[in-house]
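Peer 1: Sequence:
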Amino acid sequence: MRYPFSDIEPKWQRYWDEHSTFKTTEDPAKPKYYVLDMFPYPSGSGLHVGHPEGYTATDIIARYKRMKGFNVLHPIGWDAFGLPAEQYAIKTGIHPAVTTKQNIETFRRQLKMLGFSYDWDREVNTTDPKYVKWTQWIFSQLYKQGLAYIDEVPVNWCPELGTVLANEEVPEQQEKGYTVIRKPMRQWMLKITAYAERLLQDLDELDWPESLKEMQRNWIGKSVGAEVDFAIDGDEKIRVFTTRPDTLWGATYMVLAPEHPLVAKITADGHREAVDNYIEKASRKSDLERTELAKEKTGVFTGAYAVNPVNDERIPIWIADYVLINYGTGAIMAVPAHDQRDWEFAKTFDIPMREVVSGGNIEESAFVDAENGVAVNSDFINGLKYEEAFEKVVQWLEEKGLGKRTVNYKLRDWLFSRQRYWGEPFPVIHKEDGTHKLLPESELPVTLPEMESYKPAGTGESPLATVPEWVNTTDPADGAPAKRETNTMPQWAGSCWYYLRYMDPHNDDRFLDPEREKYWGMVDLYVGGTEHAVLHLLYARFWHKVLFDIGAVSTKEPFKKLVNQGMILGEDGRKMSKSFGNVINPDDVVRDYGADTLRLFEMFMGPLEQVKPWNTKGVEGVHRFLNRVWRLFVDESVENEARLDPAIQDVEPDEESLRILHKTIKKVGEDIEHMRFNTAISQMMIFVNEMNQKDVRPLGVMKQFVLTLAPFAPHIAEELYSLLSFFSEDISEDERQSRYSESVALAGVELSVSNEPWPEYDERYTVDDTIELVLQVQGKVRDKIQVAKGTSREDLEKLARESENIRKHIDGKEIVKVIAVPDRLVNIVVKG
RNA sequence: GCCGGGGUGGCGGAAUUGGUAGACGCGAAGGACUUAAAAUCCUUUGGACCGAAAAGUCCGUGCGGGUUCGAGUCCCGCCCUCGGUACCA
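With our numbering, the residue at position 29 of the first sequence is 29, and numbering never jumps.
These are calculated hints, taken from the structure and not from any lab test.
This structure is a prediction, so every number in the text was calculated from the model and none was measured.
Don't take each hint at face value.
What the hints assert, rightly or not - Cβ-Cβ distance ranges computed for the label pairs, FRET-style:
1) S211 to D762: 38 to 44 Å
2) D762 to S577: 49 to 55 Å
3) D17 to P468: 55 to 61 Å
4) P468 to P440: 19 to 25 Å
5) E26 to S211: 34 to 40 Å
6) E214 to P10: 40 to 46 Å
7) D549 to P440: 17 to 23 Å
8) P129 to D762: 37 to 43 Å
9) R631 to V651: 33 to 39 Å
10) E205 to P468: 47 to 53 Å
11) P468 to K144: 28 to 34 Å
12) V767 to P31: 48 to 54 Å
By construction, the Cβ of each residue, glycine as well, lies at the ideal position given by its N, Cα and C atoms.
Kindly generate the complete structure, drawing on both the sequences and the hints.
Peer 2: Encoded structure:
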């Protein structure tokens, strides 16, 4: 019988479902392992081949760890709020919950089709009111900690559409000719900046890719410097932030951000029109435009002057949009000789520059080298290098009360509200006196109202604002009229804590039972794409730390080890996309080759972290391999039924079989631990190639091989294992299947590859007795000989000198040196 | 620009961290089986030279240097490429 993947795969999926084979165990005698996939958004287009890449990797680990005796938590669920369902609802009037449910069903079917060993009893869904309740609860904790506040923040407002756009929507709408402007609106903010330092520091102890940690560090953007006050006419002063207080003497002008509050106050009469014009122009630029047009420096002089505190020099104050209002103090001292941006600005507007750090050529460009520069023209710090100069100036400023050491972060507070329907409502009401308060926990969850239409309110508010019977409510505390918050939470909210809910998914009394939390602790392995390198991972870490601070979790970080899987490109080497017509649908692959083939191929393509192109021929290659595996066990001459090949015999294994088996067990196990799935598979291919040549394939050897294959290709492994389980009995396929199924009742154990321990290898069989020794002259391979393992240096050297080929190269020459590395090589160095 | 990853056969990729470069797979070529095809199996497959063959010699891991008995691996300087980020003072 030929490899019947389309029969056996659904059969075993049903078997695992019926037997709850992958139900999470919490046996206190065993160690735990928590392996997690990044939360999928159930889009309408279903799974693409990128999903199963990471999922297969984690599934292999999960299955392997179970076999190694761990309690494994390997869950899945749905990050199901989000824009697409809402946009579809606006177009069709169909409730987003309906589309979401359909999409989830598709995803679930596809994941089951691939044989992933998730504990489906722990499936979570962010849109489920039972889940929403606890998302709102966590928000309440943030609120109580003073980490949530309301602010007027500019959003992307599109007047024609009467709606606020997400950043990623902006270019799309602009292409259609709509205008998008920055409009300040009332928004919820989360004070992630309060955690900036800890988010930065704690990165060090995480087992994450260095590149990703670096991205987070850059995003947090810590810089150490000083705030310095510059006096201006009247009692006012301008405070600036600088990382180079040692260049204060080189400040030849100042710049305020156009939005800086002092601008109106200081602008001299003759300059008011120009300044107002500039401010007006800058305000109409979106963030994008402001950075896209970054090449040319623009700005205007305010007519005002400030006094440089180190030398009492009067310097002009400009406004320019290269200074950003929301970084530092929104104002800078400009040192054109030692800052490239200031240099460009000064060149454009013909402002003088003064060299205060020697070592460069400021005619050509700003000199910013802090390592080699030495202070000049700088009074009491002349001759000092950067670090010393910095310290001395800061100390001086602090003594005089003119400034102080300061740390700044690029990281901004998190804009945490969206003007949308399909998201979690805030558990907040607004009182008539303008104050707001949390709803008590007993009122949670606040659920979404049914809608006539999902169109935005037109005012910039969410569609919820158009439902007065939902908006108008009373304060449960005093019965006074109140209005509900109409913003909803962003999609990040649900995905910020889902990994915690998996530990205790059905708890209606608490978001997570402390015992459960302590048991499962950190996620041991987290696998997902780089697209979440910064935001999701930073937000989740932030929430986790807040929960840690209130004692709700016991670890300060959520994810111990993190691995990014590389993208899978189309066969043409381009990103898979409908417009290129190069999208591979996993359904098609499974139909044509089976789930085991898809799993195996995705792992065989190359290292998990790497970007790699799809290759249909390669799929056929691994499919061929599984066919070979099948034929290693199954007698193809028997029709319609899988019967063991007569070559499988219950005999004492021969030395050769043991060697290849133990090498394979060792390599595959080690490769799984290091997530080198591609080389694990090639080792199994080597095993199959060798055993294929044997007329007798010892039962014990073959059984253990099936177990090593099981994490990768669980369906075929389960089928072969069931065959081997009844080796000595001549029974029909149906009987075999039913006895296997009823094994729990019959023998007290459920038969499944998943319940078998990972095979042990014997080191003895993994090393060969004889080794091919390389003989070199001048580092060039001249001969190879077989020697017994462990042959001494002296003997190796003697053998080398006896080699004819070696003699050819050394005869008549002076031997300078002989390097003999046991079990590896001999290298003879000669002269002349 | 800055930060990070990566350049190895026709292709995807191996190479125990300084010790046989090219495992395994794909593709290609030849052969067996077959009326034929598919499937399967066997052989060959980095390049050049030499040879009837066996063997042998030289070149070869983006480029140029260096360290070393020995470099894909370490050091210095470049080039290309992919990701991230971008006026963050």
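Peer 1: Could you run down the list of hints and mark each one as holding or not?
Peer 2: A quick look at each hint next to the structure:
1. S211 to D762: 38 to 44 Å: Given about 40 Å between the Cβ atoms, the range holds.
2. D762 to S577: 49 to 55 Å: 50 Å, holds
3. D17 to P468: 55 to 61 Å: The hint (55 to 61 Å, Cβ to Cβ) is violated, given that D17 and P468 are roughly 47 Å apart.
4. P468 to P440: 19 to 25 Å: 23 Å, holds
5. E26 to S211: 34 to 40 Å: Because 36 Å falls inside the window, the suggested range holds.
6. E214 to P10: 40 to 46 Å: 45 Å, holds
7. D549 to P440: 17 to 23 Å: With Cβ atoms ~22 Å apart, the hint holds.
8. P129 to D762: 37 to 43 Å: Violated - the Cβ-Cβ distance for P129 and D762, about 55 Å, lies outside 37 to 43 Å.
9. R631 to V651: 33 to 39 Å: Cβ of R631 to Cβ of V651: about 20 Å, so the range 33 to 39 Å is violated.
10. E205 to P468: 47 to 53 Å: Since the Cβ atoms of E205 and P468 sit about 51 Å apart, the hinted range of 47 to 53 Å holds.
11. P468 to K144: 28 to 34 Å: Since the Cβ atoms of P468 and K144 sit about 29 Å apart, the hinted range of 28 to 34 Å holds.
12. V767 to P31: 48 to 54 Å: 29 Å, violated
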